[in-house]
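Colleague: One letter stands for each residue in the lines below.
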Amino acid sequence: MTVSVEPTSVEPKQGKPAEALRPHAEEAFADELAALAAQDDRPRPARWKLSPWAVATYLLGGILPDGTVITPKYVGPRRLVEVAVTTLATDRALLLLGVPGTAKTWVSEHLAAAVSGDSTLLVQGTAGTPEEAIRYGWNYAQLLANGPSRDALVPSPVMRAMAEGMTARVEELTRIPADVQDSLITILSEKTLPIPELGQEVQAVRGFNLIATANDRDRGVNELSSALRRRFNTVVLPLPESVEAEVDIVSRRVDQIGRSLDLPAAPDGIAEIRRVVTVFRELRDGVTSDGRTKLKSPSGTLSTAEAISVVTNGLALAAHFGDGVLRAGDVAAGILGAVVRDPAADRVIWQEYLEAVVRERDGWKDFYRACREVSA
Amino acid sequence: MTGVDENGGAEAPGSGGGASGDGDRSIEGVTAAVGHENGDGKRTGGGRGSRGVGSGPLLLGVRHHGPGSARSVRAALDAALPRVVLIEGPPEADALIPLAAEEDMRPPVALLAHAVDEPGRSAFWPLAEFSPEWVAIRWALEHDVPARFIDLPATHTLAWGRDEGDGGPADAGPAGDEGADGPADEVPGVGESEASEPAATDAVRVDPLGVLAEAAGYDDPERWWEDVVEHRGPGRGDVFEPFTVLEEAMGVLRETYGTGGHDRDLVREAYMRLQVRAAQREFGDDVAVVCGAWHVPALRRKSTLAADKALLKGLPKVKADLTWVPWTHRRLSRHSGYGAGIDSPGWYGHLFAAPDRPVERWLTKVAGLLRDEDRIVSSAHVIEAVRLAGTLAAMRGRPLPGLSETTDAVRAVMCEGSDVPLALVHDRLVVGDVLGEVPQSAPAVPLQRDLDRIQRRLRLRPEALERELELDLRKETDAERSRLLHRLRLLGVAWGEPAISRGSTGTFRETWRLRWEPELAVRIAEAGVWGTTVLAAATARVEADAVSAAGLADVTALAERCLLAELPDALPTVMQILADRAALDADVGHLAQALPALVRSLRYGDVRGTGTGALAEVAAGLAERVFVGLPPACAALDAEAAEEMRRHVDAVHGAVGLLGEVAEAERSEPAERAADERAAEASAPSGVSSAAAPGLEAGPSAPAQRGLRGRWLGVLKVLGRRDTVPGVIRGRAVRLLLDDGELAQDEVARLMGLVLSPGTPPGDAAAWIEGFVGGGSGGGMLLVHDERLLGLVDAWLTGVSAEAFTDVLPLLRRTFSAYEPGVRRTLGELVRRGPGQRGSAAGAGSGIPGFGADLDGPRADAVLPVVRLLLGLDDDNDLANADGTYLANRDDNAPANADDNALTNADGNDFVGVAG
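From first to last, the protein sequence lines are chains F and R. FYI, my numbering numbers position 157 of the first sequence as 492, with every residue one higher than the one before it. FYI, my numbering numbers position 424 of the second sequence as 1025, with every residue one higher than the one before it.
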């Protein structure tokens, strides 16, 4: 027997958007979404707030016919966004993969906001995520008082999304224990969620879909079973394409973090940041920035996020123990720690990099010496 | 034939009217965007309408290598049934057309035209299975209809290349090749014969497709063309319609842009018009012409015979020869240099071959490939991929999923977002491994002619009889001969085998063993795919070999041969690959193996005057990597591996010595070197104690060695000092440092004392000794001259316990048996004379340090019974005599007589027998 979950009026959104530390995407960009919806004359899949084209525009930015400027939410290959949106339109689940700091969560939030107008149907994956978080739980007071009934049932965000034809999000899917992950299989293939206790089931209505994010370079995670994997179309979000873009991201983030930690602003840090980003990029890509020399890549991920932490660390060092200016010596130890994860293999790789690339580079002498010092 | 006429007549006008629906819309769009008024559009429309019964030949404008065009051509030919098919291509190849019908002719193949007396000047007309021209040829052959090529003869087009290639004779080859592909490269094929356009005038050329695509709102001309032409399903509506529409569009473009910078097109088109006219005279209007769409308006245009003939007057000429050569899909694809201008021959081939549902079939193919590579890809994956591709196409506003949509779908659904398996798909399917075949009866390849010419010039006749050839590389002719033989060897033509030089080991002398076997001619024919001259072919071959080489050492060897064969054009590629391989190779052994060959190449390069700057750079980089990797790689090795590593150390030492001479002059102060050592130390696997053997630190402050050599010595010091490094390597390192004057004798003696002190396991000590003085490294002489060291060895040896002795015996034997007899004898004598005053000898002043000045009487007497036994002497006289002689001999240093020899040899051998 099929029942539909009442479109439970979501608990009143308490903090007014303006006061929230971080408003949801659909609130922060409500104007843009409204403008897009108003001028969107293309066919929309059932229960979509916008057509796929408009969703892509919302993410990638653009100018509408009436002159409304849509800010780009994601800076990256158009192809990826198109594949992601198309996947959702074909009611396949979408898996966003990438190393930390590649805007997976960001993209998933905005996709959900643009498609369903609600990005809050979210399951945060952790090692302790229980099955109830994906299927449903019980209100035990109700359960004891009245016995099993729909009233005693606490729907999960996924269940609500199914019933209402919305987009659900699962963050860090690979952190969830494997048995809990697999409870998604029925949901994604049968599009139904049985409730054996009541002899009922919840069938997904058109418009339901699921966006999961996962980190593909992390260790100690629960690999997806191939049965579950098969239910997803995968889009890998790449690291920033150019040095400039990455330097920009790093320095902006570092600035934000530094301010929240009350670190004195480094007046001349940009050169050092550039250097850190260059080192990370070169080792990550296995080729020097001029594209002429190949390098071995160490085992660490060397993501943008790590570059940010190296620089923040260096800033703290410079502020508290140095003269306040970010110098090669302040970041050297951090870089070494980020690069050399495997003490034998990575160290040789790092040494090779120092000798073959850093030593020869103009203006990097101080950096070379600093690295040699901490490497010794 | 009238039936045919009627048929064609009935079809054609109908098509003119029917075409307007679909065709006119896009054309109008084009005209408007290009800035033409409607009037223009109408006028061209009128021109189109003129094609009807008896109004002229059937002009089929195509895009070279377009599967859609190919399909349309076949349909159009089937419908029109012409009595002759004229094809854009060099008319000299007419005689070769029947070969296309043969069993063993398999596309992709190319028509190759080359100047007879200059095989490097050549041009290719590649034809794949899905090329409209190929389809037309096959159609003609199947229907017993004559097929003819009507483009300007290669005689002229090749000569054009010559006028422009005047910059230098070396340009000839490349210029010819570019001529073949240049146009295709920037114009995706429409209206361009791949062969006849010289590359020089690129800049001003118009890309007709680009203009049309832009007008239609596409940023990528390729994609526009695919959407409009290639992806059209077959059999919908009138078969002539695509050609009509295209002709109209091209007509507009030609009116706007004229020849669009392709000025030679005028000449070519004049020639084509003449040919078409001739064919019309012969066959009436039942003439079909398959040519680039760009040329169609020009062929349609009425022009007087005289005007056309005037254009063709006074064209330059060379004697040209044509043949079929096998081609590959890889060469058809744009990124492999030759390129006939399509990115995805495999995809086009699929589009052409697939009877229906191309996307479904393609994705099934992809799934099959991925399954073969052990990826789990189920039918459900294929279904989802098809859905995604279809929706993506809709989202991007394309009529049918193209290659980019299917690729995106494959990535997202089948490859889990990864580009790695996708690269495989691209390589195997999108480009594809298809290799064409050409029947045996095809005319000889130009490579053979080039070889003949060179053989005549160098007076190097191919003879079946084996003979030796001595070459003196300082002479120009001999050097060229050597280069030729090396190049042929690279091409797999084993005419000459290098032999060991007699007498001289100088680098300017080479000996070859020559023998011409008949099957070498076949090899040359096979090598013909690589190029038209020996030089070009060898270059291409080496580059290909380098890309596919398995190991680092292979690439190094290739670089060496590259220098020997003097292929400067191939060198950058080989060097790049060499540097890449070296960077990614984690095995120090491989690196160490590669280094000597590289350095050898450097020296050869010097002898032959080849530029070796890049090589030196790569070699220095390689050496750096060896330095960094060597200390950690030397830890925890078993005896065999240690022995191998010792050889590597030797090889690197030699190479660094040579390299240091070649190019070194930079910073690296002692401080940095100390840091080097520290770093190398630190790079050992953790848990290794390096506390022992502090000796090296106290070494004499060496002269500030610079650069590579200095760093290498730093590495050696680390090796010599570290306990976890096997003895044989440590000994070797100390020895090399001693030889280089980096360690003083005192210091070495102290180190040796440390190693040979009682605490060290005897096996380890023996290995150290082997490393230090073993092999053919002149270690024996060292012991002869520094008796302190000999004394240390001697004392250690006598102190080895009986049980341990049997363990170290084989090692010692190996060490000492390699010495020359003279050295062994002297050593034996020294030991025999005894280390009596070892330690205090310094004060005595006379004699050799470490040994007493005089004979130790009682000990000498002790051996007498043995000597007597050995010499078979039985009375005292004889012995005294012999003894006397012996002693005298020792004292006087007189020349040895036979008796002495016997005695001392026996003595020396005895020592060896004991010691090792």
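Everything labelled a hint here was simulated from the structure, so no lab data went into it. Don't take each hint at face value.
Said to hold, decoys possible - Derived EDC-like pairs: lysine to aspartate or glutamate, alpha-carbon spacing no greater than 16 Å straight-line:
id: 1; chain 1: F; residue 1: K629; chain 2: R; residue 2: D1186
id: 2; chain 1: R; residue 1: K918; chain 2: R; residue 2: D1188
id: 3; chain 1: F; residue 1: K631; chain 2: F; residue 2: E536
id: 4; chain 1: R; residue 1: K966; chain 2: R; residue 2: E856
id: 5; chain 1: F; residue 1: K631; chain 2: F; residue 2: D677
id: 6; chain 1: F; residue 1: K631; chain 2: R; residue 2: D718
id: 7; chain 1: F; residue 1: K629; chain 2: F; residue 2: E536
id: 8; chain 1: F; residue 1: K631; chain 2: R; residue 2: D1028
id: 9; chain 1: R; residue 1: K903; chain 2: R; residue 2: E961
id: 10; chain 1: F; residue 1: K526; chain 2: F; residue 2: E536
id: 11; chain 1: F; residue 1: K629; chain 2: R; residue 2: D718
id: 12; chain 1: R; residue 1: K920; chain 2: R; residue 2: D1186
id: 13; chain 1: R; residue 1: K966; chain 2: R; residue 2: E1067
id: 14; chain 1: R; residue 1: K918; chain 2: R; residue 2: D718
id: 15; chain 1: F; residue 1: K631; chain 2: R; residue 2: D1186
id: 16; chain 1: R; residue 1: K920; chain 2: R; residue 2: E693
id: 17; chain 1: F; residue 1: K629; chain 2: R; residue 2: E1218
id: 18; chain 1: F; residue 1: K631; chain 2: F; residue 2: D620
Colleague: Confirm or reject each hint.
Modeller: Structure-based check of all given hints:
1. K629/F <-> D1186/R: Holds, at about 11 Å.
2. K918/R <-> D1188/R: With a Cα-Cα distance of about 57 Å, the restraint between K918/R and D1188/R is violated, given a limit of 16 Å.
3. K631/F <-> E536/F: 53 Å, violated
4. K966/R <-> E856/R: 44 Å, violated
5. K631/F <-> D677/F: 13 Å, holds
6. K631/F <-> D718/R: 50 Å, violated
7. K629/F <-> E536/F: 57 Å, violated
8. K631/F <-> D1028/R: Judged against 16 Å, a Cα distance of about 24 Å means the pair is violated.
9. K903/R <-> E961/R: 47 Å, violated
10. K526/F <-> E536/F: 10 Å, holds
11. K629/F <-> D718/R: 44 Å, violated
12. K920/R <-> D1186/R: 51 Å, violated
13. K966/R <-> E1067/R: 52 Å, violated
14. K918/R <-> D718/R: 12 Å, holds
15. K631/F <-> D1186/R: Cα-Cα ~8 Å, so holds.
16. K920/R <-> E693/R: 11 Å, holds
17. K629/F <-> E1218/R: 14 Å, holds
18. K631/F <-> D620/F: Roughly 9 Å separates the two Cα atoms, so the pair holds.
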